[in-house]
Amino acid sequence: MRGSRRRVGACAAMAAGRGAEAEACVGQVVLPGDVLLLPAHPDEDAERLRLGAGAAPRGRLLCGPGLRRCTAGLLVTKCGLLRHRQAGGSAAGGAYWVDSQQKRYVPVKGDHVIGIVTAKAGDVFKLDVGGSEQASLSYLAFEGATKRNRPNVQVGDLIYGQFLVANKDMEPEMVCIDSSGRSSGMGIIGQDGFLFKVSLGLIRKLLAPKCEIIQELSQLYPFELVLGMNGRIWVKAKTVQQTLIIVNILEACEYMTAEQRKQALAKLSGN
Amino acid sequence: SFIIEERSFMPCEDLLYGRMSFKGFNPEIEKLMIQMNSRCKEEEIEVDDKMEADVSDEEMARRYETLVGTIGKKFLRKRDQRVLQDEDEDEDGNNNTRPSKKAKKKFLKPQD
Numbered sequence: 006m007r008g009s010r011r012r013v014g015a016c017a018a019m020a021a022g023r024g025a026e027a028e029a030c031v032g033q034v035v036l037p038g039d040v041l042l043l044p045a046h047p048d049e050d051a052e053r054l055r056l057g058a059g060a061a062p063r064g065r066l067l068c069g070p071g072l073r074r075c076t077a078g079l080l081v082t083k084c085g086l087l088r089h090r091q092a093g094g095s096a097a098g099g100a101y102w103v104d105s106q107q108k109r110y111v112p113v114k115g116d117h118v119i120g121i122v123t124a125k126a127g128d129v130f131k132l133d134v135g136g137s138e139q140a141s142l143s144y145l146a147f148e149g150a151t152k153r154n155r156p157n158v159q160v161g162d163l164i165y166g167q168f169l170v171a172n173k174d175m176e177p178e179m180v181c182i183d184s185s186g187r188s189s190g191m192g193i194i195g196q197d198g199f200l201f202k203v204s205l206g207l208i209r210k211l212l213a214p215k216c217e218i219i220q221e222l223s224q225l226y227p228f229e230l231v232l233g234m235n236g237r238i239w240v241k242a243k244t245v246q247q248t249l250i251i252v253n254i255l256e257a258c259e260y261m262t263a264e265q266r267k268q269a270l271a272k273l274s275g276n
Numbered sequence: 014s015f016i017i018e019e020r021s022f023m024p025c026e027d028l029l030y031g032r033m034s035f036k037g038f039n040p041e042i043e044k045l046m047i048q049m050n051s052r053c054k055e056e057e058i059e060v061d062d063k064m065e066a067d068v069s070d071e072e073m074a075r076r077y078e079t080l081v082g083t084i085g086k087k088f089l090r091k092r093d094q095r096v097l098q099d100e101d102e103d104e105d106g107n108n109n110t111r112p113s114k115k116a117k118k119k120f121l122k123p124q125d
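As you go down the protein sequences, you meet chains C and G in turn.
For any residue, its number in the working numbering is found by taking its place in the first sequence, counting from 1, and adding 5.
For any residue, its number in the working numbering is found by taking its place in the second sequence, counting from 1, and adding 13.
Read the hints as simulated data drawn from the structure, not as lab findings.
Treat the hints with care, since some could be wrong.
[To be verified] Covered by chain C, according to a simulated footprint, are these stretches of chain G (three or more residues, beta-carbon under 8 Å): (1) 32 to 45; (2) 67 to 78.
[As the list claims (entries may be wrong)] Below, computed lysine-lysine pairings styled on DSS-like, alpha-carbon distance capped at 30 Å: (3) G:K86 / G:K118; (4) C:K243 / C:K83; (5) C:K114 / G:K44; (6) C:K267 / G:K86; (7) C:K243 / G:K86.
From a predicted model like this one, the values you see are computed outputs, not experimental measurements.
Virtual Cβ for every residue (Gly too), placed ideally from N, Cα, C.
In isolation and in its complexed conformation, chain G is listed as follows (with noise of 0.2 Å):
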């Protein structure tokens, strides 16, 4: 059997938080009153408090997709965003009326 020595009162005897206010005099003492004694008491893991969330889960994770499209548009060269805009038309389905272009316009050789 394993025996612990302990020099401390607090495990032994349980004992309250030290710092205490009553009937309102200090708010903030009193709410971490509840907090430590029901600590003490029902040795409960501290559970991280969801705030209240301005914008939902779904709504933020939607916003992510297209964010990340957006701001990658902005690091792209002159060329590749006219790219980009026809790849869209495209995807709308405009095939008919447009022309299918070469995606990026290659270096020509000059020919003799």
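Chain C extracted, bound-state conformation (with noise of 0.2 Å):
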């Protein structure tokens, strides 16, 4: 009862024109255009700076996807649900970010995504990523690519990279290496398998740390599983029949509740 009051109170705020707490609204629907304010921080003294001597400055926030900053704190230009995670670990000083929804990916620096080569054009290879424009993919930019050792890349295949460059100024920029040179993972995907498209809160809740579908899944047969942040899937199993079940509960598990989706799998998993 008393968390409703405080969202109707926080919305009512919102409402009338002044920025509502944003510990307040965590948690809560949000739209484009309400200001969130952030308590102020006490100025640092010694003995807060000795406490953490190797991490950030504690006044850092890590303002996520979906929110800017404005002059009173942060302004909302997407409606979702807002999260919040707490300082600590790897990002110290806490981090807010607004829980939408889309099918259609923008494409962000750093994102590890699935691309389809459209096209050679001498050098360099276009991607079709799921975005407004075409991805350009280096032919050096793979592990132990020289120029006499080209990859083996031919219109068609699928490419597990990640941006080097994506703004909406630039044509966006994949790499298969990361910033020590080596692949990890990146690179060309083999034969055979399945692509298909999902939304992106699927793919997000599906790369979170404890994801109970992947794990309900990794008991039934043994399979591959690449998963792009535009939104495209990679699976591949042992046999045709057993890829395309994976695909319809992936597909499914969207709009399933747990218990349809245990008893879906138990099904299976009794044929």
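Could you use the hints to bring the two separately framed chains together as a complex?
Right under this line is the structure:
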């Protein structure tokens, strides 16, 4: 009861034009144009600095997708649920972001995606990643590639890589190599298998640290899975039938509850 | 306070690595999964795996010590090689038997 009253209070405050406290809105629906006020941080004194000598300064806050900085605090630019992560661990100082749902992918630097090679233009491959423009991939961006030793990439191949450059002013560029020069799993995805598209929210759910769907599926049969942040999933199992079963489960699990999913899997493992 | 704008979901939600393999379908990917996910969670700095050496460090140091001398000898002229031989024998303690010779034969001026 107390929670719902707080929610109503926060919405009323935002409707009135004033910003609402960021902490009050965590876990609630926010709309574009809402202003979230951040608590003012006290000045750092020497004791605080001593505690976290190696960590980032305590005032640092990560403003994730769907949020922007504004004079008063954070401005919401997408509609969805506001999420918050406490300080400590990899994101020192806490993080706020908006959990929204969409099907269309917008290239973002650092994201790992599955691309389909559409053209080979001299030294550069053009990949379709599901965005507004095709991404370019240089043939030297593979592990162990030199001018003489070119990678064997044909039109129609699947490539798992990450974005090096991705902003609204330039054509996105991909690479299949990380900053230390190793491929670490990126590159051409092998033969066979099945590629299909799902919404971006499902991909994030599947990639969450403890995903029940993936854990339950892994008990069924041996298979291989590649998840791209652009909504594309590639599955390969021993037989075509097993592959198609996994594809159907992944597509349907977005709208199934946990019990329905467990029933479906129990039926399958019974077969 | 600093606010950093980030457009990717990876640092916010701590997502796992996108390539996965289960029940031994692709052993390399399974190894990669363990490596990548442990790097995410624990944030370890990459430790260089010390490969099992066939030759131990001490033996290597000993070998190098003598190696420098052996290779150096290869490039000496014949006269200097003989000199080295004499020096070795001198070190062994055979000073008494052999008369000490001059180290190098210098050019003798012809006497008028």
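Status of the hints after comparison with the structure:
1. 32 to 45: With 10 residues closer than 8 Å to chain C, the segment 32 to 45 of chain G meets the three-residue bar; holds.
2. 67 to 78: Violated, because only 0 residues of the segment 67 to 78 of chain G bring their Cβ atoms closer than 8 Å to Cβ atoms of chain C.
3. G:K86 / G:K118: holds, 19 Å
4. C:K243 / C:K83: This hinted pair is violated, its Cα atoms lying about 41 Å apart.
5. C:K114 / G:K44: holds, 26 Å
6. C:K267 / G:K86: violated, 78 Å
7. C:K243 / G:K86: Roughly 64 Å separates the two Cα atoms, so the pair is violated.
Violated hints for the displayed structure, listed by number in ascending order: 2, 4, 6 and 7.
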